[in-house]
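Two chains, two frames, a set of hints: combine them into the complex.
Chains L and X supply the protein sequences, listed in that same order.
Residues 1 to 139 in the working numbering are what the first sequence spells out, letter by letter.
Residues 1 to 790 in the working numbering are what the second sequence spells out, letter by letter.
Just so you know, not all the hints are guaranteed correct.
Distance condition first, Cα-Cα at most 25 Å in a straight line; then the derived DSS-like pairs of lysine-lysine [what the hints assert, rightly or not]:
id	chain 1	residue 1	chain 2	residue 2
1	L	K120	L	K72
2	L	K72	X	K481
3	L	K120	X	K630
4	X	K481	L	K120
5	X	K481	L	K29
Derived list of chain X stretches under chain L, where covered just means 3 residues or more per stretch with a C-beta under 8 Å from a C-beta of chain L [said to hold, decoys possible]:
id	region
6	332 to 344
7	359 to 369
8	459 to 472
9	569 to 582
10	718 to 728
Among the chain X residues that face chain L by a calculated CB cut under 7 Å, a handful are [stated by the list, open to error]:
id	residue
11	L269
12	W476
13	L478
14	L489
15	A490
16	M491
17	D492
Bear in mind the hints are in silico, worked out from the structure with no lab data behind them.
Virtual Cβ for every residue (Gly too), placed ideally from N, Cα, C.
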Amino acid sequence: MRHMKIKLGVGAAVVLLAVGFLAYAGVRKAQVYYMEVDQFLADHDAQGQRVRLCGTVADGSIQRNESDLSLKFELAGREHRIPVHYSGQVPDLFAAGGEVVVEGTLGGDGVFEAATLMTKCASKYKPEDYPAKKTETGK
Amino acid sequence: MTSASLGAISLLIATVIAAATALAAVAAVAFRRDGLARLARLGLLLLAVAFTLSCGILIEAFVHNRFVIRYVADYSDTALSIGYKVAGLWAGQAGSLLLWGWLVAAMGLLAAFGLRRREPAMQGGLILTVALVCGFFGLVMVAVDEARPFTTYDAIARVGQEQMLDAFSPGDRSRIGECANALQNAVMGLAAQKDKPWSGTIARVTFKSESVPVPPDPSHPGLHTHQEYAAYIYLADGQPGGSQALLKALSARVGRLAPASEGVGLKPLLQNPAMVIHPPMLFVGYAGFTLPLALLVGGLLAGGLDHDWIARARRWTVVSWLFLGVGIVLGMWWAYVELGWGGYWAWDPVENASLLPWFVGTALLHALIVMRHRRLFKPIVAILTLLTFALCIFATYLVRSGVIQSVHAFGTSVIGDWFLWFLIGSIVVSAVAMVVRFRVLAPEGEARWGGREWALAAACALLVLMCGFTLVGTTWPLIYKALFGKMGLAMDQSFYNNRVLLLWGLPTVALMAFGPLIAYGKKIPDDLVRLLAFCGVAAAVAVGLPYLAGVKSLWAGVGLAILGLTFGLVVYDFVRAMSLERGQGPGGVGLAFRIFDANHRRYGAQLAHAGVALFMMGVLGTALFSTDQKVLLRPHQTVAATNPLTGGEYTVTYDQFVEKAADTYDYQAVVLAVDAGGGLIRLTPEQRSYYSHVGETYGEIDMNSTAARDVYVALIGVGNGGLVRLNIMVKPLAMWLWIGATAIALGGLLCLVPPLIPAFNPATARQGDRKPERPRPTPAKAQSPSTART
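Here chain X stands alone, though its shape is the one from the complex (with noise of 0.2 Å):
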């Protein structure tokens, strides 16, 4: 049995096995016995095993270049490094469905032992949301044509070769375009059935040359394609011999494309490691998103949301958010480092699918917080927690339906109306069983808000509106199409820029430096006046010094000030708790540590927090004082550029032009010499030409960078006698931008970290803010806050 069968067939199986573990778990749900419980979580242990196989038969076939493979042959070639060829798993439609369902089936089975000793009901509930996830994937694997990762050249050789013969008479032109279609299928299979080194090669020459014209011939008006052509000389002409005669005028013609290597291959601009690792962190984060929804399913079926139900949902929560954050800004890095354009994020329909579930996800976050302090807010997480799930299928959905154009242009595809069927799907019975068991949700013990309530109410009200203006921006081609009933608009960037980031965005970040420090409960903090001071001090700094160091711009002064508040309440909170417990044994560093030790997910917000307000300036600095300019230059000419943000000044010389050959390309490369004030730093931007991609070019920017500002060259264009086009940008504070991230990431991470000296429990406590990690559920906790405060 090959291994591209015994991969189809484990999928088939995990799809059987999923709906299954869906009637074990409902029947756990209906008769509550822990052994139907136990039942579903072996099926689900079983259909995680059967996702491990397949994702197992793909890794081992792009291993060992197995070209019959449809998927393997697109997207690796022989001379890939072993790393980039187990990357294929996730480069292509197929096998990230693969990946994401593996994902779900895994985590799910990790959160479904978890809940081992909880109610039958609570485990049923999760163990269905899993298995009708994965069931659903598992289906579209083997339903749709396009999604099977294990389909083979053969398989689509014998379909092309049968349509060719039985289904178009010779003679009749009218269906040119389905035949060559068809004779496509066939030319691709009889490749890879004669089992040759090429045979993955002459499906990618069919490939490109479905968008390469073929000369224009006045005798037979309307053929496009090599394809059509062929189609053309077979229909009108009924040449004998079929489809090995085709086979050999088309490669013929289309032989000049043939490359050197075997395999499609991986553009060298994605054969870069951020690239790599993007989309699967991604997946992590959107499957993740899986899991509190499924706990909430759980919750809601066995009757209560308590404690241990909020300390799971947190976890999850907090690690899908932490993946999904990362996987967008490794991205972002990407872009800003390869595609030589200076920029990092261009509101892309794509991008912004990426980044609706995870404002979506962090307002989640904020919610689940407060359900934990104070018992409310339990509609909102439920709304939340659907909302997030539905906001990364549907981020599928837009990106490969083809609803919306964008420059990375998936196509369109049948797969997104599986997508947009089980978006709604989901809502639908999910927002059922809210109402149905809308008891479940009903607040506990007293319901006042206070002023930390409000506070965490508006921080979700405006990242739900940051997500739904985004969505109203990348949808408006559609909206307006529904509403006009006209097609051709796209959104500008400004609007991204003023109404999301701007308009909410600013008071989003505002809101975050001082939410911290208000209290649960009660409206007037004790320490109002010297809170108020604090601040004050806090931001004049952060905004004086740079005012007199030459810094005058006004959103450069809005957003220092953000940052100073949020940098100087950090400070100010760490001093009162230090105040407060001070006293109560030995102080310094060893009571700092505890303190922050008893308090993981207290300090690792405020790190996230500080890190937003980073990223924060980093986005301000490069969005509003970045200069660029394209320059023609010769060898020996200089060129001056400066900073607008500090008035740095830099002159960049050009040295020399090189050329020269490396591995596995040739290149050309200016050598420049960039006076920064402080000795010549030497960049050198390159244009590369690879050989497993003969005609195309590829620049490599260089740049410089230092916490003030970074420095990027670009090469756009070599001309005779070292003639050059550069683009030279200067972009302030850039680095923060990652910086910022990284700080986001370790705090997000923080949360997760139990506490070292697990005994500990300091009397901020008291506070009511703060508790004891892992709060077992008892009824009492409900009103602990606010009778611990007094």
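Next up, chain L with everything else stripped away, as it sits in the complex (with noise of 0.2 Å):
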């Protein structure tokens, strides 16, 4: 009886390790960089990656190209901006002052090609500090 609790054992931890090390090679193998702005002109390893970047749609800065239908505009971090093209659908939600996440990769002239473009879902619940947090860093 015991012999057999010890198989039983073993064979249940080798179960957990394989399951354990699926789980752990698909996760590194899908993970991809979600940063903001800041974070991401600083980070000169996630350029050159797939990542998703999210941030505020800058005010005025939103260009239709009228020939190609293509939208150009300017991603707003606290401090710096990302000029972004995108030539999919455009959700509903889409405006300047909005936050949106992106996902692509930048290109030599320095522009953002963005393969998907998302709107945070309007914000139903508003956070309750969000003027206090903005002034940290304009002081």
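Here it is as structure tokens:
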């Protein structure tokens, strides 16, 4: 009986290790950088990769190209901005001042080529301390 | 007394009643007296009444546009139709908590009255759990500002004005942020105090202006928002007149944003019937999963989990599982027809959060089957019950706490902390109860596992693995931060597709296909050879026919084989039951109906399994064979599209551009003629500009669905001279997602329906995997499966 228990224990450990390895290997392969604009501009490793960037659409920066109906705008972080080019489906809630997440890569010309553009859902639940947070960087 | 204060008081009373009911329930458990159990039931009744009253008051406020209540102003406007106004109850956080609490109380009351003839300890345990959960929700809605459904702008204004006048001295610029916050509150309140039609509107304006930066002003660096700017004027210049002057200044600045209607209203995007019933469906599921746990606590305290207990646990599990699943699918369908990207599931943390309890709830359903037939699996049932409940709470924690970045950003909120502590508390308490009363969970009778037991155990394990992997993927940014101390990662969809759906999902569906035919207790079924031959034929037909028709992908083959197995075995099983019954009376349709009627659960499960196979077909079709092209078109130009699964060819011709006005919006539409080989189909995707939401455009896709494919067109952009950018997609088998989901739901529903001819007890029940409905709790039942089979 004890022999049986040891066998079972070893079996369970092997299975758990295998499952853990499968999870870990899958996670390592599929993780993508998710960062803010300032963080991205300061990180040279990330600039060579496909990343998700979040930021605010800078006021007055949205330009629609009338010939191919693509979109160019500046994604603003707390301090820096990065130009973004996008030619896919524009979400209904996309507007200047709104928070968006773009996924794509940085082109050689310094323009971020976005493959996807997502707006953060209209924040129904407003953060209570929003103004207080913002001023931290402004002092 | 205003309705707002009535509502707040009824919530407070509900919380107090919850505490008192919990005490009565504890007494009922401790002294095992029927009178005390009756008292606890009465408490639960009052609790449900108090919650119902609160919900009623809030709905009344929505219907009568009482915008002085912050929650009403935030989620309704005067232009909304009555249905959407009532739906405002669950449009936001505070109301959702109220609805959830009410659902727990109402369903708990039903369950408690069902138990009224059982031991006081079991009733006490159930009522205690329900009362504690309700009490938690009541406490959150009383104690946490942002979770209070009945906060009025009057109250907000009072606080804001006091802060403005007392706390911030002119000239002190270091507290601009705090001052801006107080100012915002004061402004919102002032607006509401005037009791003018625009009371709700001004609140919206100040909300909205938060994210609109002021023009850069070199003399005032560091000012980002209008509130900060106004606060700056107040602090730096020490303007006399206080908040009244500020209000004026602020209104002037943000006036251009003022909308035409009153109240913030519901986004046009969310004005869709599916989106209106999607949240309450999820909440019924979340709230319902409280009851299996409550029953478990009752069973542990009363000292036994008998057949009656299993029947109740099963019923509540099926109901909650059904609603949760329907809620999830409604969300998928809404995303598919409304968002215009052609997808229905993006593995976003918020979506995953609702899927986690569904996986484990499904495992629980299956574990309960083994417990019912073999009196085994009690610890597994107990753990899965707790896990399902915990994951419902965890889902809310994940969504509300802001610990994970999601496109459904709900903002950070302290509610998350409350839910986290509640989660930890309920897990610890339940786990301790299970350990202390472990003898209740010990197996009865012979504990030998047969083929069916192993198959169901494997099904549970696979479902838990799918849940676990989804959980790891969803929380990976947190895990990564804990391990490596760095932020800034997210999980790509490929992880879920490869590691959840392919690695564990496919084996799960394969097991699902043949699992129901394996007998309990025996290692090898009698008719193994015939069964295997039939499986082979069914799978070969399912793969072969489409192969000859041109479907040659490997994954399509795997999917089709599973589909063929599932359907083939449903047929095989029914034919076997028919042949066993024949000779015991008239055969034919009457016999078929009686077999079906006496085994609702068996055929309900098989219908649900067939639904899963169909759903999987839809997933494989849309995930592997969709085509997607973004094209620029001028009027009268034509573009071609294909269905890679069947090789179907379509031509899409841009006929004309339309610009018109409807009742509540203007729209631009493109009229397309799609030649799908059988006559022309007209598709008109639109872009709408609602009068109530100036400056925003809303796309409306158009599509043509057949069993083979959806042709799905979204209008992405409109240029000069009728130039448009279209996204033209062909989504093979997309319709089977919704057909499969409907079959799963109907299967679940069938499991809940008692037999229509109660007297009929088929001979097939002798096989051991079927039982008459509502078995009475007698000890002999525990042995019956093994004895009856011989």
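Against the structure, the hints come out as follows:
1. K120(L) with K72(L): holds, 19 Å
2. K72(L) with K481(X): Cα-Cα ~33 Å, so violated.
3. K120(L) with K630(X): Given that 25 Å is the threshold and the Cα spacing comes to 23 Å, the pair holds.
4. K481(X) with K120(L): holds, 23 Å
5. K481(X) with K29(L): Within the cut-off at roughly 17 Å; holds.
6. 332 to 344: holds (count 3)
7. 359 to 369: violated (count 0)
8. 459 to 472: holds (count 4)
9. 569 to 582: Coverage by chain L is violated for the region 569 to 582 of chain X (0 residues, Cβ < 8 Å).
10. 718 to 728: Holds, because 7 residues of the region 718 to 728 of chain X bring their Cβ atoms closer than 8 Å to Cβ atoms of chain L.
11. L269: Holds - the Cβ of L269(X) comes within 7 Å of chain L, reaching about 6 Å at its closest.
12. W476: W476(X) check passes; min Cβ-Cβ to chain L is 6 Å, inside 7 Å.
13. L478: violated, 12 Å
14. L489: holds, 5 Å
15. A490: holds, 4 Å
16. M491: holds, 6 Å
17. D492: holds, 4 Å
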